[in-house]
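Please build the complete structure, drawing on both the sequences and the hints.
Per the numbering used here, the sequence shown starts with residue 1, numbered consecutively.
Quick list of the computed label-pair ranges, beta carbon to beta carbon: (1) Glu70 - Glu129: 36 to 44 angstroms; (2) Thr153 - Ser346: 18 to 26 angstroms; (3) Thr42 - Asp295: 22 to 30 angstroms; (4) Ile206 - Asn37: 15 to 23 angstroms; (5) Ile133 - Asn343: 52 to 60 angstroms.
Simulated from the structure, these hints should not be mistaken for lab results. C-beta: ideal position from N, C-alpha, C; glycine also.
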Amino acid sequence: MLFRGICNWMIFSFLFVSLAASANAEDITAPSAKDINWADETIIFSTFDCDDFSGDTLIINGVITINHPEPSDMPQTISIKCSNIKFVTGGRIETKENLKIRIPGVVSGRVEITNVRGVVGSNAPPTPERWKIRVARDGSRGSSGSDGDDAETSHKGDWDSEKGGRGEHGSHGEHGTHGDEGAHGKFGRFAGKLSMRVGTFAPGSIIKMEAIGGHGGFGGKGGRGENGGKGGDGGDGGDGGDGNLLHSAASGGNGGNGGDGGNGGNGGNGGNGGNGGHGGDIFLYILDGGKPPADVHLASDGGLGGRPGEGGDFGIGGKGANGGKAGCGGEGGKLVGWIRVNNDGSCGTNGIKGRDGHDGRKGPPGIWGEEGKAGNIGRIDMGFVKPSDF
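If you want it as structure tokens, here you go:
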């Protein structure tokens, strides 16, 4: 996919233009003995003309990196003009800027020119704070019921025993919050433009020009959902009041129900992948009458969109709490300490256990980054031009 823009000579749409002024390979001046050699170096300029150095042929030996003296966020234009140019084995020109090369004479060797501006976008940075385990607040325990007063028959008064108070229900655990969205991948950088105008290619020469956009960075994993809080235990029931010779014992209070556990939060969406950078325009023109290269490779593909991040892990539901214990009934009245006149009071019922909270759902993945567009909306031009347009 990366090299879907690769073109070969059989599929080029050549722009044959009528020759306005006679020009052919035999008219091209052959390289002279005066050469300008660039060998494995970084060179800074905006315009280079071999004539300014009384040079005839520019020799490219090793990797030549060309930078503009005033770099910017946007690509600057760099121009090279020489009568002839020769690429020796391993020779390559690379730049982050827009590069225009004009060679009215002969181009020879294995020509390789690459725009390296389209770097890959950074992957989403790690966000461990979004992935750590978090737990929502637990429910509180219910208050216990109060004990019932005993029965009374004396100078203080005459009343029945009281039933024990019911224990309060435990409060529910809080639901977990949903996880945050994952961090997004960075966009891939767009590539600069490459343009080359050539008089003719020497026999056996080949050319490779690439201005490929950077791939988008990968999205980050979504945040983890918060675990649900545990429910609070129910309060115990109060004991019933004791009876006496004239009054029955009272029953114990019921235990309070346990609180439900809170639901776990859903995992957060995965981060989106970064968009791919656009490819740069590529133009290769040959002077009408000049010889084409033996092989051609031109690629201006847009970068691939970044892979989306995985959805966040779900939060676990909180546990339901236990119900409160029932209160016991009061003792029945007794005569002379051993003959029971009234029965003991009955015990209350235990509280019901709370329900467990539901687990959350795993978060959905992010969105794939958009693929970068090919250079100049897919346009890679190669054709012949007349001298007046050269």
